[in-house]
Amino acid sequence: MRQTIQQHRVVVIGAGYTGATAAGRLARRLRGEDVSITLVNAEADFVERVRMHQLAVGQPLRPRPFDEMFAGTGVELRLGRVTGIDVDRRTVTVTGADGASDLEYDTLVYALGSAWNTQGVPGTTEHAHEIAGRDGALRLRDRLAALAPGSPVTVVGGGLTGVEAATELAETRPDLDVSLIARAGLGDWLSPKGARHLQKVFSNLWITTHEHTTVLAVHADRVTTPQGDIPAAVTIWTTGFAVHPIARATTLETGDTGQITVDATMRSLSHPDVYAIGDAALVTGPGDKPLRMSCASGVPTAWQAADAIAARLTDSKLPTISARYFNQCISLGRKEGLIQYVTADDRAVDAALTGRLAALYKELVCKGAAWGVANPTLGLPTRRRRVTAEAARVGVPAA
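The number in the working numbering is simply the position in the sequence shown, starting from 1, with 341 added.
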């Protein structure tokens, strides 16, 4: 006769692409009577972060409520913000509408992700807008809607987020004077073919580019550079991401970036009952290079963590999911796109797909990413396994 076990408590904090995927995948791997899965998030619906530049220019996005996404899975959504973690007591402090309370766990999946990185530039927090999250994108949407024709809008940052924001805005609002400031050359990380296409799209959309330029300060009506001031009724700041600071306030081992150091199964090197995924994790990829903060990097880490937790709880063989890159998918408005093919460690190769076909490709990738969150085993049949009594009693074993 099978021994009766106590439910193993899994708490997932953060419900972006990685956190929501991990919670749903775990629910499909384990028996509900053996494990409870609580997903903590500040919002009641899933945010397609890769579409925030679309939201910012006024395009409506399809609502994706979590109660529909997780219906029948057993995943419990806890609305609130994570305001504290005690990894030694195994508690998470969640602050919601009714105040703060502690949530106990046996296994924690840390997926709080990242936010915009001001790089410490004076005036950025006070005067610039960000599109790293929905709140910021909505504030920017309202500000852009109030701009008069001819108003200057400056995008700071020449990476993927910056070029997507600049082209989306210039296509949607051709009445605005859009410019982009890049620390290096425009598209210098792309193949020659990819860079030429990016420059062509910028030219066709009348986007002014300030290459090899740094921003020294942001003001309400301009940005200051070594070459002089650039007018900006609105400044959009897209110079990379910074991880949530809460991990550094704990005893978790973190790297210089504040990301949690993990092993190949996404388990914390200092606390084996904690798994970190997505932007929150310092993961070594092909070529011994850290994975970049992105959806493409994060989802495989969510698969790995969920499958490793399930394997350890059920005394099964540990799986290994290799994270590698295949391409960089860039939308350049709704009519143009760029698919830059890359090596496993994310270096551009000669091959690139451009134009309307690339735009369609990128749209399918975005839709596929959202579908993957709701279908975290990619539609493949799964069997919910029983948790062993020993694993439930002592937590995830150290092996």
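Quick caveat, the hints were computed from the structure, so don't treat them as lab data.
Certain hints may be false.
Derived SDA-like pairs: lysine to any residue, alpha-carbon spacing no greater than 25 Å straight-line [claimed, not checked]:
1) K630 - R524
2) K708 - R350
3) K708 - R482
Now for the hints, and whether the structure bears them out:
{"no.": "1", "hint": "K630 - R524", "verdict": "holds (22 Å)"}
{"no.": "2", "hint": "K708 - R350", "verdict": "violated (32 Å)"}
{"no.": "3", "hint": "K708 - R482", "verdict": "holds (22 Å)"}
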